[in-house]
Amino acid sequence: MPSTYTTNNGIELIATGEQSGTWGDTTNTNLSLLDTSLDGQVSITLAATGSSGSPNFLPINNGATSNGRNRLVIFADGGDLGGTAFVQLTPNDAEKIIYIRNNLSGSRSILVFQGTYNASNDYEVPAGTTAVVYFDGGGTGAVAANVFNNAYFDSLRLGSVSVTAVLDEDNMSSDSATALATQQSIKAYVDSQVGTVDTLAEILANGNTTGGTDIAVSAADDITFADNSKAIFGAGSDLQIYHNGANSYIDDTGTGNLYIRGSDTVRLQSATGEQGVIVTTDGAVTLYHDNGSKLATTATGIDVTGTVVSDGLTVDTDTLAVDSTNNRVGIGTSSPSRNLHVSSTGSPTVRIQDADGSDYYAEIQQSTGNTIFSTRYGTSNGAFIFRGLGGGTADEYMRINTSGNVGIGTTSPAATIDVSGNARGAVVTDNDLSFDLSAGNNFSCTPTGGGTLTFTNHLAGQSGFVWLDNSGGHAIAAAGTTKINAADLTAISTAGVYTLSYFDNGTNAYVSVSRSFA
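Residue numbers for the sequence shown follow the numbering used here, so the first one is 24 and each next one is one higher.
Source of the hints: derived by calculation from the structure; they are not laboratory data. Among the hints, erroneous ones may be present.
DEER-style ranges, computed between Cβ atoms [as the list claims (entries may be wrong)]:
{"#": "1", "residue 1": "Phe-176", "residue 2": "Asn-251", "range": "36 to 46 Å"}
{"#": "2", "residue 1": "Gly-495", "residue 2": "Asp-459", "range": "17 to 27 Å"}
{"#": "3", "residue 1": "Thr-45", "residue 2": "Thr-152", "range": "22 to 32 Å"}
{"#": "4", "residue 1": "Asp-341", "residue 2": "Thr-479", "range": "15 to 25 Å"}
{"#": "5", "residue 1": "Thr-340", "residue 2": "Asp-459", "range": "28 to 38 Å"}
{"#": "6", "residue 1": "Val-338", "residue 2": "Asp-305", "range": "53 to 63 Å"}
{"#": "7", "residue 1": "Val-338", "residue 2": "Leu-412", "range": "43 to 53 Å"}
{"#": "8", "residue 1": "Ala-509", "residue 2": "Gly-472", "range": "41 to 51 Å"}
Note that the Cβ used here is the ideal one computed from N, Cα and C, for glycine as well.
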């Protein structure tokens, strides 16, 4: 009967009658295999990561050559493999406990498994760590697991511990607590009542301290932050409050608005108590300068104390605009082109009104190309008075009274034009003996040949003079609407210089020869 081998370590089991004369050699080999299994170690250099379907093999099925029999297996590489390494223990029915050390570079993990690869049946050995891995020999469904998973110790003393994964256990006050607390932070339970400590100094932490309950500080205690230490709020560090040694800051860099709220009046003051801003509930917002109120909101607008200095002003787009660059004011326009520019889609009007309650005012209006001047005195029309103030007193030059009479040199004009003093009229030259009454009242004529004395554009009530220089003795006739004595007409046809007076009734011009100079 031939010898057989144990499944787990490949130890040869000598059959009856076998190994005659060599039994001692076989026994020595078996003892060496046992020694390797109990205390042996081997270093294996991986040349590639392998994969779940084509892994690196760790065999134990051949007693003479299998590295998987060693108690400690150390994996290394000749350089970063570039990914996680895959190692399979064979055969899949062998039960084995192996210490596996991961010395791969590049912080690469090793996934060890025994049966057909399945993420739920493998075990990951992180870089730089040693794990005690148990292979259960379960065939294609074999499981690889850390021997110390869910381990229980009556007493445990550790030097340096690195926690890479934790379970959620927030209560360690009784024997039922079997897991480390979350977020790699062990919660110490002191006499079942951590909350009864007197000061925060009795709880010492060398890193960030987190908690899910409130921290209450009595009125006699402080929370002190060093320079550049920040009180940070929000998941994205949205709000930060800190002092950098020179200045204090409230930085809001998150989404949404920054609110400073109070159930009563909110005050912004200097350290000495000098007022800066006061926000009164259901009332005014007041701005201060040197502790003096300068601007306050009211129910209808704002109240300003002092002088307003501005390099420009715009009210409601174009209701009022101040162009400080060109020193212009626009009313109804945002681009004034003059010192005062009034614009309107209708008829722009400027009114100057007495503010004592009386209905006294003057207006200047532009309407369809016409400029209209209006004045009102209560229920009556007002007068237009033109004055000069050059001497310090108001000297009246001209007025248009409520009857429409124009007075020059008089404050009580009794006629359409009432001139107190001398008047000078323009003389229109017209040498063809035809006088346009719309051009003026007085004319000068030096005919160069015979012609007809004619007046055009008759105007009732108009009168004036014609200076006639007929030194050439040219024959002069009269138009049908020119009424002149025949003897006078004959006289002015004689060489000489004459003065003609005329009066127009709107249809005819009546002419007389008032004087002959030659």
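Going through the hints against the structure:
no., hint, verdict
1, Phe-176 x Asn-251: 36 to 46 Å, "holds, 44 Å"
2, Gly-495 x Asp-459: 17 to 27 Å, "holds, 23 Å"
3, Thr-45 x Thr-152: 22 to 32 Å, "violated, 44 Å"
4, Asp-341 x Thr-479: 15 to 25 Å, "violated, 50 Å"
5, Thr-340 x Asp-459: 28 to 38 Å, "violated, 51 Å"
6, Val-338 x Asp-305: 53 to 63 Å, "violated, 27 Å"
7, Val-338 x Leu-412: 43 to 53 Å, "violated, 33 Å"
8, Ala-509 x Gly-472: 41 to 51 Å, "violated, 21 Å"
When each numbered hint is compared with the structure, violations occur for hints 3, 4, 5, 6, 7, 8.
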